[in-house]
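Peer 1: Throw the hints in and build the complete structure from the sequences for me.
From first to last, the protein sequence lines stand for chains V and S. Sequential numbering from 281 applies to the first sequence in the working numbering. Sequential numbering from 281 applies to the second sequence in the working numbering.
A few of these clues could be false.
If several chains are the same, the list does not tell them apart, and a pair holds so long as it fits within one copy or across any two.
In silico lysine-lysine, DSSO-like type, Cα no more than 30 angstroms apart, as pairs [to be verified]:
#	residue 1	residue 2
1	Lys-484	Lys-504
2	Lys-360	Lys-504
3	Lys-572	Lys-476
4	Lys-462	Lys-387
5	Lys-288	Lys-305
6	Lys-381	Lys-572
It should be emphasised that the hints constitute simulated quantities derived from the structure, not laboratory data.
Chain residues, written in single-letter form:
There are 2 protein chains.
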Amino acid sequence: MTILDGKKISNDIKDEIALDVQRMKERGERVPHLAAILVGDDGASLTYVGSKVRACERVGFESTLVKLPDTTTEEELLQKIKELNESEHIDGFIVQLPLPKQINEEKVLNAVDPSKDVDGFHPENFGRMALEMESFIPATPFGILQLLERHQVETKGKHTVVIGRSHIVGRPMSILMSQKGKAGNSTVTLTHSHTKDLSEFTKKADIIIVALGVPEFLTEDMVKEGVVIIDVGISRVPDETKPRGYAIKGDVHFDRVSKKASYITPVPGGVGPMTIAMLLKNTLIARERQLK
Amino acid sequence: MTILDGKKISNDIKDEIALDVQRMKERGERVPHLAAILVGDDGASLTYVGSKVRACERVGFESTLVKLPDTTTEEELLQKIKELNESEHIDGFIVQLPLPKQINEEKVLNAVDPSKDVDGFHPENFGRMALEMESFIPATPFGILQLLERHQVETKGKHTVVIGRSHIVGRPMSILMSQKGKAGNSTVTLTHSHTKDLSEFTKKADIIIVALGVPEFLTEDMVKEGVVIIDVGISRVPDETKPRGYAIKGDVHFDRVSKKASYITPVPGGVGPMTIAMLLKNTLIARERQLK
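Peer 2: Put into C-alpha cells, the structure is as follows:
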C-alpha cells in the first residue's frame, strides 16, 4: 500500500514553481501576481486567504489582499472585480467564498475575466475544460490529477467511480478522468444521492474518488483488493482525546480501507494540501499565457 | 416494447412552438428570428440548412440564410458574426459546420454571442449547462431528454451507460442524465474506446445511449431484458436491394435488440428528427429571454 502524499507532492510543486519564478526574475520578467478579494470577517475565510498569501510569498509571487467590509454592496464588489480584470499588474485573482447574503455569488463569479479566473469557477472555463480547450482546471480536481500522475497510477481503461456530483469536485473529476490525457481515459461512473446499490459500483471500481462530506462513509466491505482511493472529504468529528476536542476525518475509513488499497490519500495530508499548490500553478500558467 | 417515435414527438414540439408564435403575434410581439450562416457549397450542408429554413417557415419564425463563398476569410466570417451578434432583429443564429479549411472552427464558434448561440456550442453555454445555470442545451442531447421525458421513461436511480465521449452527444448526455432534473438523477457511466469489457457495463444498464457511428454495433447479447435504448448513430450502409443503393443504419442492431428492449428509438425516425425541433425550441427560448 502506497500513501499518496499530498504534503510532499504539493511541496515539490511549490519548489518547481519557485524555480520558474527565479528564472523569470533572471530574465528580467515581472513575476506572477495573485490577488484575493475577501468580503467580511469570517474566521475560516481569513485563515484560508492568509494561507494563500503566505503560499505566494513562499514561491516568490507578488500578492494583493483586497479586504472589503461586510456591508459591501454587490455593485461595489463588481466594480472592484472590474478593476482587477483591467489591471495590467494582476495575472489572476480569486473571490473568497462564501459572500455576504446581499451579494449574488453566481453574478460575481461570472464577472471575473475568464483569463484571470485562476479558481476555474467561471462557466466559460468549466465549458472549455469539458470541451478539452485551454482553460483553468479548478484547484482540487487539478490537485487530484497531479497526485495520480506523479505516482504514475494507471488510469487508462480502469473503472473509476466518483461519489458525489458537486460542481467543485465530483462533476469536474468525472469529466477529467474520462478525457484523453495523462490521468485520463478511464471509464467513469458518477454516483450520487439517487444511486441505488452504491456498493455494487464501488466493489468493482479500480479507482474511487469520494467527495461527500460524510466522515468514514466508505468502508472496507465496499471496495475490492488493490483499489486506488482518493478521499476529498474533510470533517471535524468530536473527540475528547484530542487537544482541540475534535479529530479530522475523511470520507473514507482509513484504517480499514487502507488494508485493501494499493494507493490511498490520507486525511489530512492528502488532497487538502494540493489545493493551494494548484492555485499557484494556475496563477503561473496565467502569467505564462500573458507573456506569449 | 414501445417505439420512441421522434417523428411524432418532433411534430408535437413544432406544433407547440407554432402555437406560441401565434400567441406572440396576437400580442403584437415580433416573432422569433433564426439566422444561419453557410460558407461554401457543400451539398450535405446545403440540405441541412435548407431543412432548418423550411422548419422555421413551418412554425412561423422569420429566418435569414447568409450564404458566403468558399473563399471567405476567417476575418470576413468573424465580421459577419459580429453583425449578427449586434443585430436587434436576430434572436439566435448558427454557423453550419464544417467550415472551409482556411477558417479556424473553434475561433468562429467562440465568437458567437452566448445569448444567441442556439446550437449550444459556445464553451460558456457548455459550462453553464454543466453547472446547472440558464443555458442552451445542444439540440441532439436536448432532443434525447425530450424523447425520454415525453414517454415518461423513469431515469431517477437508473443506471445509464453512454457509449462514446464526443463533445456533441456523449459528453453532454453523460452530464445531463446525472443532473437533478426531469430526465435526470441517473447513475451514469461514460464508456469510450479505452473501456475494457464494454459488455460488462451494457449488460447491467437500464438505459443505453449509443453515439458511436458504427452500424449495428450494439447487439442483443450485450443488453439485458427491459433495457431502454437511445440510438444516435446514423450511417449509410451499401445495400443493392434499396433504390438509392444504401440503407440507413443506426448503432444498434434494431431487429435483434428491440426484442429485449422496453423502449427503443428507430433509425431513421428516432433521435434524428428531434434535432431541428430543439433548434427551433432554443430559438424560441432565446426570444423569450430577450422579452424578459
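Peer 1: Is it within, between, both, or neither for Lys-360 and Lys-504, if the alpha carbons may be no more than 30 angstroms apart?
Peer 2: neither (51 angstroms within a copy, 57 angstroms between copies)
Peer 1: When no copy is named, should Lys-381 and Lys-572 be tagged within, between, both, or neither for a Cα gap of at most 30 angstroms?
Peer 2: between (40 angstroms within a copy, 25 angstroms between copies)
Peer 1: For the identical chains here, do Lys-462 and Lys-387 meet the 30 angstroms Cα criterion within one copy, between copies, both, or neither?
Peer 2: Classified as between; 26 angstroms across copies, 34 angstroms inside a copy.
Peer 1: How do Lys-572 and Lys-476 come out at 30 angstroms by Cα distance, when the copy is not named: within, between, both, or neither?
Peer 2: Neither way: Lys-572 and Lys-476 sit 49 angstroms apart in one copy and 41 angstroms across, limit 30 angstroms.
Peer 1: With identical chains treated as interchangeable, where does the CA-CA distance between Lys-288 and Lys-305 reach 30 angstroms or less: within a copy, between copies, both, or neither?
Peer 2: within (26 angstroms within a copy, 66 angstroms between copies)
Peer 1: 30 angstroms Cα cut-off: does Lys-484 pair with Lys-504 within a copy, between copies, both or neither?
Peer 2: both (7 angstroms within a copy, 19 angstroms between copies)
The earlier numbered hints that this structure contradicts are 2 and 3.
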